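> Sequence:
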Amino acid sequence: SCDGPAVYRSTNGGLDWTEHTITTEIGMHPALQHAHEVATAVDDEGNLYAAWISDGLMPWYAYSRDQGDTWSEPMMIAAPGVTETGFPTIFAGSEGRVVIGYIGEVNDVATNASNSGWSGYMAIMTDAFAENPLITSVAVNHPDDPLDVTSDCGGVRCGGFGDFIDVEIDDEGRPWIALAHNAAGFEEAIIGTLTEGPALYGDLDYLESLPVGGPSTLKMG
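Under the working numbering, the first residue of the sequence shown is numbered 30, with each subsequent residue one higher.
In short, the hints are calculated from the structure, not lab data. A few of these clues could be false.
Between beta-carbon pairs, the in silico distance windows are [as the list claims (entries may be wrong)]: (1) T99 with L239: 35 to 41 Å; (2) P240 with D84: 26 to 32 Å; (3) Q96 with A139: 24 to 30 Å; (4) E217 with D73: 31 to 37 Å; (5) P240 with C31: 19 to 25 Å; (6) Q96 with S166: 26 to 32 Å; (7) D73 with N161: 33 to 39 Å; (8) G43 with T99: 38 to 44 Å.
It should be emphasised that the depicted structure is a prediction, and the values quoted were computed from it without experimental measurement. Note that beta-carbon positions come from the ideal geometry of N, C-alpha and C, so glycine has one too.
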């Protein structure tokens with residue numbers, strides 16, 4: 030909306046729609062690929078979650094427990110050290126459990142600093158309605174193996190990122206993220222998850238550990 034990030038709701042099968050602004054305090058990035066994007070998800074109990082990229086190029090999140098009529102105070106959910114982000118995506122599991130995916134960089138390639146380039150991140154919450162929810166941040170790729178080395182993926186379409194980024198939760202409650210691996214060529218993708226962590230469906234159990242991946246697991250064929 031003109032006032033800020035918003036969602037649109039229908040209660041009659043799509044015949045009529047109403048606009049619900051999430052916040053007027055945290056705007057959306059004006060670039061085309063961000064200005065229209067509010068990623069939304071609904072958990073098992075009907076609570077609504079939304080994520081968007083702000084005009085400061087950082088990922089923000091809010092939730093609604095009344096079908097979008099009112100919203101929580103927005104919260105910035107980027108991993109420590111991340112300075113620019115893009116392309117948010119979101120998925121919810123059991124009540125109060127949610128995963129948000131996005132791309133981000135710590136140092137821009139133009140600075141020639143170490144740990145530069147774009148990575149894929151997941152922000153995972155199991156207590157989303159808490160006053161100070163715990164956010165577990167996971168990078169899907171190693172800093173020495175960036176997914177893209179373009180200077181400004183937060184403000185441009187940036188190859189396959191615009192078409193291929195998603196998060197899902199499997200039947201065991203494990204969150205997964207899938208992204209383009211632009212630096213390896215447009216025919217390759219990267220799909221990753223936690224090696225250890227909490228289940229986002231069912232009982233709040235600890236997931237079975239998985240082996241560590243790495244660059245050797247990326248090549249297809």
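> Take the hints in turn and mark each one as holding or not.
Evaluation of the provided hints:
1. For T99 and L239, the hinted distance range of 35 to 41 Å is satisfied, since their beta carbons lie about 39 Å from each other.
2. At about 41 Å, the CB distance of P240 to D84 disagrees with the hint of 26 to 32 Å.
3. Take Q96 and A139: their Cβ atoms lie about 44 Å apart, and the range 24 to 30 Å is violated.
4. A hinted range of 31 to 37 Å holds for the C-beta pair E217 and D73, which are about 34 Å apart.
5. A hinted range of 19 to 25 Å is violated for the C-beta pair P240 and C31, which are about 49 Å apart.
6. Between Q96 and S166 the beta carbon distance is about 29 Å. The supplied range of 26 to 32 Å therefore holds.
7. One distance hint, 33 to 39 Å for the beta-carbon pair D73 and N161, is violated here, with the actual separation near 23 Å.
8. A hinted range of 38 to 44 Å for the beta carbons of G43 and T99 is inconsistent with their spacing of about 23 Å.
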